[in-house]
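Based on the provided sequences and hints, a complete structural model is requested.
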Amino acid sequence: MARYWLMKSEPFKYSWDDLVAEGEGTWDGVRNHRAKNNLAAMKVGDEAFFYHSREGLEIVGIATVSVDGIMDPTDPEQKWAAVKIKPKCKLKTPVTLKQIKAEPRLADCELVRLSRLSVAEITPEEWKIICEMGGL
DNA sequence: GCCAACGTTGGC
DNA sequence: GCCAACGTTGGC
Numbered sequence: 001m002a003r004y005w006l007m008k009s010e011p012f013k014y015s016w017d018d019l020v021a022e023g024e025g026t027w028d029g030v031r032n033h034r035a036k037n038n039l040a041a042m043k044v045g046d047e048a049f050f051y052h053s054r055e056g057l058e059i060v061g062i063a064t065v066s067v068d069g070i071m072d073p074t075d076p077e078q079k080w081a082a083v084k085i086k087p088k089c090k091l092k093t094p095v096t097l098k099q100i101k102a103e104p105r106l107a108d109c110e111l112v113r114l115s116r117l118s119v120a121e122i123t124p125e126e127w128k129i130i131c132e133m134g135g136l
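Position 44 (the first sequence) corresponds to 44 in our numbering; numbering is contiguous.
Hints in this document: simulated from the structure, not taken from any laboratory. Be aware that one or more of the hints could be misleading.
To be verified - Straight-line distance between alpha carbons at most 35 Å, and here's what the computed DSBU-like set of lysine-lysine pairs gives:
#1 LYS79 x LYS8
#2 LYS128 x LYS101
#3 LYS98 x LYS36
What the hints assert, rightly or not - Pairwise CB distance ranges (calculated):
#4 ILE70 x ARG105: 26 to 36 Å
#5 LYS101 x GLY23: 27 to 37 Å
#6 GLY135 x MET71: 35 to 45 Å
#7 LEU117 x ILE70: 17 to 27 Å
#8 THR64 x ASP108: 23 to 33 Å
#9 LEU136 x LYS79: 28 to 38 Å
#10 ALA102 x MET71: 37 to 47 Å
#11 PRO104 x GLY23: 35 to 45 Å
#12 ALA102 x PRO124: 20 to 30 Å
#13 GLN78 x GLY135: 39 to 49 Å
#14 PRO76 x PRO104: 43 to 53 Å
#15 ALA102 x VAL67: 29 to 39 Å
The structure presented is a predicted model; accordingly, all values stated were derived computationally and were not measured. All residues carry an ideal CB built from backbone N, CA and C; glycine is no exception.
Okay, structure coming up:
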């Protein structure tokens, strides 16, 4: 069964619009073991929220994993994982970090608990709640 | 721009 | 193998 994720990106580096413009993006450059484990656990067809960090601080869209289990092309030692993702749809209304923190049912999610984790897992329940908050 | 949280490094 | 120092990330 498909799992759900949340991927953080700084919009001035790589934004949702960049992903849409390219059609498919490689999620690389992750240098955190926990995030790497999450990346390695992703399978084609899994869905991920696309979150803008540092600026915006909100979930803007949903992407699907199109290629899983690849090596990070930016890593010369080839020990870090990466995946490719494609944009699926935009949220009708972005869900901000503020809203997520204000929602008691989302208090335990990795995004809130581990604010510095760039790739977090989202449970199916949390996924549903955030989708509803985003107007989907 | 600041600072807290976390990960990594290196001396012992 | 412990832990202090340092660097980086990300929310504010």
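Do the hints match the structure? See the list:
Straight-line distance between C-alpha atoms of LYS79 and LYS8 comes to about 21 Å, which keeps the hinted pair within the 35 Å bound. Simply put, LYS128 and LYS101 have alpha-carbon atoms about 16 Å apart, close enough for the 35 Å limit, and the pair holds. For the given pair, LYS98 sits about 26 Å from LYS36 by alpha-carbon distance, which is consistent with the 35 Å threshold. At roughly 34 Å, the beta-carbon separation of ILE70 and ARG105 lies within the given 26 to 36 Å, and the hint holds.
Hint check: LYS101 to GLY23, Cβ distance near 33 Å, so the stated range 27 to 37 Å holds. In this structure the supplied range 35 to 45 Å holds for GLY135 paired with MET71, their Cβ-Cβ distance being about 37 Å. With their beta carbons about 21 Å apart, LEU117 and ILE70 fall inside the hinted range of 17 to 27 Å. As the Cβ distance of THR64 to ASP108 is approximately 25 Å, the hint placing it in 23 to 33 Å holds.
Between LEU136 and LYS79 the beta carbon distance is about 37 Å. The supplied range of 28 to 38 Å therefore holds. For ALA102 paired with MET71, a C-beta distance near 39 Å keeps the hint of 37 to 47 Å intact. Here the CB-CB span from PRO104 to GLY23 is close to 38 Å, well matched to the stated 35 to 45 Å. A hinted range of 20 to 30 Å for the beta carbons of ALA102 and PRO124 is consistent with their spacing of about 21 Å.
Range check, GLN78 to GLY135: Cβ separation about 41 Å, and the 39 to 49 Å hint holds. Between PRO76 and PRO104 the beta carbons are some 45 Å apart, a value that agrees with the proposed interval 43 to 53 Å. Under the hint 29 to 39 Å, the C-beta atoms of ALA102 and VAL67, about 36 Å apart, fit the expected range.
Figure legend: structure checked against the earlier numbered hints; every hint is met.
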